[in-house]
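Visitor: Sequence:
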Amino acid sequence: MANGLHPNLILSESKAYDALFTKMRDVKTKPSEFEFFAKRVMRILAEDAIAQLPHKTIKITTPCSPNIEGKELMSVDNICVVSIVRAGDSLMEAVRACLPGVSIGKILIQRNEETTEKLPTLYYSKLPPRIKDMNVLLCDPMLATGGSAKAALDVLTKHGVLLSNIIFVNVICCPEGLQRLAEDVPDVKVVTACVDECLNENKYIVPGLGDYGDRFFNTT
Numbered sequence: 001m002a003n004g005l006h007p008n009l010i011l012s013e014s015k016a017y018d019a020l021f022t023k024m025r026d027v028k029t030k031p032s033e034f035e036f037f038a039k040r041v042m043r044i045l046a047e048d049a050i051a052q053l054p055h056k057t058i059k060i061t062t063p064c065s066p067n068i069e070g071k072e073l074m075s076v077d078n079i080c081v082v083s084i085v086r087a088g089d090s091l092m093e094a095v096r097a098c099l100p101g102v103s104i105g106k107i108l109i110q111r112n113e114e115t116t117e118k119l120p121t122l123y124y125s126k127l128p129p130r131i132k133d134m135n136v137l138l139c140d141p142m143l144a145t146g147g148s149a150k151a152a153l154d155v156l157t158k159h160g161v162l163l164s165n166i167i168f169v170n171v172i173c174c175p176e177g178l179q180r181l182a183e184d185v186p187d188v189k190v191v192t193a194c195v196d197e198c199l200n201e202n203k204y205i206v207p208g209l210g211d212y213g214d215r216f217f218n219t220t
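Taken in order, the sequence shown gives residues 1 to 220; the numbers are from full-length UniProt numbering.
For the record, the hints were derived by calculation from the structure and aren't laboratory data. Glycine included, each C-beta is placed from N, C-alpha and C at the ideal position. Check each hint, because a few of them may be wrong.
Claimed, not checked - Label pairs and their computed distance ranges (CB to CB):
#1 D77 with Q52: 17 to 25 Å
#2 A97 with P63: 38 to 46 Å
#3 L163 with K106: 17 to 25 Å
#4 T62 with F217: 39 to 47 Å
#5 G70 with E201: 46 to 54 Å
#6 K15 with D211: 40 to 48 Å
#7 Q110 with A51: 26 to 34 Å
#8 K106 with P63: 42 to 50 Å
#9 E72 with D154: 30 to 38 Å
#10 A19 with A97: 29 to 37 Å
#11 P31 with L119: 27 to 35 Å
#12 D184 with E93: 21 to 29 Å
#13 K15 with E201: 28 to 36 Å
#14 P207 with T61: 48 to 56 Å
Said to hold, decoys possible - Result set (DSBU-like, lysine-lysine): computed pairs, CA atoms no more than 30 Å apart in a straight line:
#15 K132 with K106
#16 K106 with K39
#17 K132 with K23
#18 K23 with K39
Construct the entire structure; sequences and hints are all you get.
Guide: Structure (structure tokens):
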């Protein structure tokens with residue numbers, strides 16, 4: 001079912017996810033515990049997202065054999081990790097830990113919780129000057145309505161970034177958000193660890209795990 005929701009959906013798979021997500025979803029999990037389990041999930045997810053970036057074939061010599069063919073990631077100078085602040089910062093740091101020296105961008109978008117539609121508003125963006133020539137990993141842990149993700153993607157494309165050079169990385173998404181991106185930006189790759197059931201009447205993911213940013217940063 002998941003692969004039919006978006007043409008460029010990549011589902012990160014790990015046997016570790018079941019137990020980790022159980023802890024993250026549990027309302028009884030303390031903020032410090034949530035952060036611990038979330039970081040473990042995000043490290044796995046980060047590696048799977050990085051694997052989708054361009055690689056080149058190289059030859060290496062092992063201690064036991066010469067001329068072994070392998071893969072090497074293209075220069076980190078051509079990669080930018082962009083977070084949708086604030087929750088996206090947690091996922092950005094997981095990716096950054098795997099890519100020392102990578103460029104960082106920030107986009108601040110917030111949903112208007114006073115409206116039924118929960119429409120997003122752009123408040124701030126700061127991106128590298130040559131981002132149009134880079135491969136971008138856009139980070140936001142939760143994909144609900146898709147409004148914030150689409151707004152962030154609009155910021156990137158206005159700066160000249162090709163949609164085909166963007167990978168949207170998120171921990172949990174839902175069919176509604178994936179379908180929105182499939183309709184509006186099908187060329188963007190989406191790498192996620194979990195596709196949940198649906199949105200509820202308040203536009204929150206079900207079963208979900210609540211407000212990711214609040215639980216991760218202990219501001220509940």
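Visitor: Now look at each hint and say whether the structure bears it out.
Guide: Hint check results:
Restraint check, D77 to Q52: a C-beta distance of roughly 18 Å satisfies the suggested window 17 to 25 Å. For A97 paired with P63, a C-beta distance near 28 Å fails the hint of 38 to 46 Å. For the pair L163 and K106, the supplied restraint of 17 to 25 Å holds, since their beta-carbon distance comes to about 20 Å. A beta carbon spacing of about 43 Å between T62 and F217 agrees with the range 39 to 47 Å that was offered as a hint.
For the pair G70 and E201, the beta carbons lie near 51 Å from each other, so the given range of 46 to 54 Å is met. In this structure, K15 and D211 break the distance hint of 40 to 48 Å, their C-beta atoms being roughly 27 Å apart. Judged by the Cβ atoms, the range 26 to 34 Å given for Q110 and A51 holds: they are separated by roughly 31 Å. A C-beta distance of roughly 43 Å is found between K106 and P63, which places it inside the suggested range of 42 to 50 Å.
At roughly 33 Å, the beta-carbon separation of E72 and D154 lies within the given 30 to 38 Å, and the hint holds. One distance hint, 29 to 37 Å for the beta-carbon pair A19 and A97, is violated here, with the actual separation near 22 Å. Between P31 and L119 the C-beta distance comes to about 29 Å, which sits within the given range of 27 to 35 Å. A C-beta distance of roughly 28 Å is found between D184 and E93, which places it inside the suggested range of 21 to 29 Å.
A C-beta distance of roughly 34 Å is found between K15 and E201, which places it inside the suggested range of 28 to 36 Å. The given range of 48 to 56 Å is respected by P207 and T61, whose C-beta atoms sit roughly 50 Å from each other. Distance hint between K132 and K106 is fulfilled; the C-alpha atoms sit about 15 Å from each other, no more than 30 Å. Between the alpha carbons of K106 and K39 the distance comes to roughly 20 Å, so the proposed pair stays at or under 30 Å and holds.
For the suggested pair K132 and K23, the alpha carbons sit about 39 Å apart, so the restraint of at most 30 Å is broken. About 12 Å separates the Cα atoms of K23 and K39, which keeps this hinted pair within 30 Å; it holds.
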